Amino acid sequence: MDRELYNPHLRTKKTTAGIMGDVCLALVPAGIGAVVFFGIQALLLITVSVCTCILAEALWQILHHKTVTIRDYSAIVTGILIAFNVSSTTPIWVIILADIFAIIVVKQIFGGIGSNVFNPALVGRLFIMLVYPAKMMSYVMPMDVDTVAGATVLSNIKHGGEAGFSLMDAFLGKIPGALGETSALLLLIGFAYLVIKKEVNVMVSLSFFATVLLLTVIAGQDPLYHLFSGGLILGGCFMLTDYNFASRKGNWILGVLAGAIVVVMRVLGSFPEGVCYAILIVNCMSVLLEQLKQKHIYGMEEGR
Amino acid sequence: MGKEQPKFFGGIHPTDGWDKALTADKKIISYVPESVRICMKQGLGPACTCVVKPGDRVEQGQIIGESAHFMSAAIHSSVTGTVVAADDQFCEIKTEACNLVDEAATYYKEWADVSAFTRDTVIEQLEKGGLVGMGGAGFPTHLKYETKDQITHVLINAAECEPFLSCDEHVMLEQGMAVLNGVQLLKKAAGAEQAVICMEDNKAHCKEYLEFLLKGHETGISIVLLPTRYPQGGEKQLIAATMGVEIPTGKLPSSVGAIVSNIQTAKAAADMVLGNRPLISRCITITGDVQEPGNYLVPLGTDIGELVRAAGDVKNPKNKVILGGPMTGRCIGEDLTAEQITKVTGESVSKVSGGLVVLAGTHTAESGCIRCGSCEDACPAGLTPFKIDAAMRKENISLCQTLNATECIGCGCCSYVCPSKRELTHTIVTARDTVRMKLREEATRG
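These protein sequences, in sequence, are chains A and B.
Note that this note's numbering numbers the first sequence so that position 18 is 18, with each residue one more than the last.
Note that this note's numbering numbers the second sequence so that position 262 is 262, with each residue one more than the last.
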């Protein structure tokens, strides 16, 4: 039978492209912020990253005789997120490598949208961090891109010193860091849009932030610096909440786990950062969580 | 206030009410066609055998189709006239006379005294009248009421949760007393203490009207309003919402002391027992993209295309024609005008047709599942549709079984909410039926 004849004959107006398009829109404020803070180089990186992702996805699908799905905007989201996760000094060819790795190896080989085991953008970033660590670690001052920043807020805290920047600077984004992660304010504006449109599982983000706040207080560090610096807001709002892993009910527990891992890594580990790893670890755990979940099925005794 | 409104879990709000507004203020129109074409398969059981032949003269209410199978109810002629054609599938009768409503009958106007009837006599009349569940399932009513379980509640399903349809609502408003008398009889047939008429809260005016009619009678009939939420009228959901219990899996409603019958079934029961009229007519909503949407009281066998023509034909030739409600109904064709509906589909009104909806043509391609979990939240059976869908597409039947595909009620909520427009309902219903067949085979093999 022709599938157009299958019931139900009414369908919601919501589409995958609509959701991904909204995520793109939600990332626009932080994108503009990135260009303001880091200049034309930021715009170049974002544009190249988005174009590479779209091209990589289209080419792969054409070569494998699959339906080309670039119109669902998910490749664009990956492109933006990869650019947001690198420093403005990153060479163009390095980000192109990250894009190709993310789209081909992390997303398409596993079967495309929804079938990937990890967040593509994060693995793409991790890939270039491991292969070209030197090119990734140099940050510049926002609004003053010729000044190489000695250290980020987190590395300052890590080495027992003062943060070096005021809390307000960290909130607004006037701190060194990756393109899209410096301004908590702009990220939260975008996130609010997704929350209003009910396109994100806000419980995952909230449990993540709450856990980080609580545990950093227990660790005797300033929780707000931890919240507003590094990739915490970007990761918590836009990457931890990836539909694939976190959109379903009960998955707030993933936020708690990720938060705990971040704090353990930041406070006890040898890296100043931890969000990227934390999210990838809980990506794996989401599979386990799915197994553990007990759902009530109509008419069935619990525990059957 | 304070008291929590009863509810079931899952479910959706497919529309905001504009769909039902199309036919809200339209009175039921009686329509008698020049000829009727009665299908020999009505409801769940196998097709009946036609017992009349071309040239025969039949009276309205005369038996024209019979079956020895216990699941097939008898079929009666809906008009008085001459048989034009008769075969295994259809019996076509040219109309000479047809009386759709017995205006003089007192049970339409007054509270009937049913004390003279016993449980058995009522059930016998229901069987004779060929009554089946008119909500869509078509299960023979007398079989349902013959249960040996102790029944405490007869739930009269007037939820009408399907978008667009309003025929049940209008039957309550325009034939309220007949409905209530039918409810009395069904309560008797079940041997129950209580009958509860259940409707969604978008029909509060119906509740008010029926309560007005009930005033002063010691009845055991109550009316409850339930949240407007699809599939409120699903048998399992209705029981969960009104009685606060779930039917154990694999069991019938009678296992929790309930029987559910549609409101038009109740009205037809009154016709049968009090008016001595078998099931030969019903009310159907013709709506959607037609010039004059409305509710029609028609003899069984009325041509669907002819009804669409009576409703002013389709507005747009680019359409989908749905027999039943838009959520669970069957698409009988695409891009059809009224005339083509007659020619191409040949469908006619049956005992279970609640509506004919013409929808503007829409079609979006399926895309990959993004595992958003919307289907999981919407599923009123508590299943995880996207996982069953994935398992079924890999033909992993035992995984479908582990995921309880057998519990699917086929309501369509998962497909409705899916942003990737996947045909979840289709795959899961297929999975359900495949697993059930496998279980049956295993059982017979021992």
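Derived by calculation from the structure, the hints in this document are not laboratory data.
Certain hints may be false.
[Claimed, not checked] In silico DSS-like pairs for lysine-lysine, Cα to Cα no more than 25 Å straight-line: (1) A/Lys14 with B/Lys438; (2) B/Lys387 with A/Lys295; (3) B/Lys318 with A/Lys197; (4) B/Lys387 with B/Lys343.
[Stated by the list, open to error] Heads up, incomplete: computed chain B residues facing chain A, CB under 10 Å, no partners named: (5) Ile12; (6) Ala74; (7) Lys387.
Please read these numbers as outputs of a predicted model, since none were measured by experiment.
C-beta: ideal position from N, C-alpha, C; glycine also.
Going through the hints against the structure:
1. Note on A/Lys14 and B/Lys438: the hinted pairing is violated, with a Cα-Cα distance of about 36 Å set against a maximum of 25 Å.
2. Using a Cα cut-off of 25 Å, the hinted pair B/Lys387 and A/Lys295 holds, with the two alpha carbons roughly 13 Å apart.
3. At roughly 32 Å between alpha-carbon atoms, B/Lys318 and A/Lys197 are farther apart than 25 Å, so this suggested pair is violated.
4. About 41 Å separates the Cα atoms of B/Lys387 and B/Lys343, which puts this hinted pair outside 25 Å; it is violated.
5. Because the smallest distance between the Cβ of B/Ile12 and any Cβ of chain A comes to about 8 Å, under 10 Å, the interface hint for this residue holds.
6. The interface hint given for B/Ala74 is violated, since its Cβ lies 30 Å from the closest Cβ of chain A, which is over the 10 Å cut-off.
7. With 10 Å as the threshold, the beta carbon of B/Lys387 comes within range of chain A, its nearest partner Cβ sitting at about 8 Å, so the hint holds.
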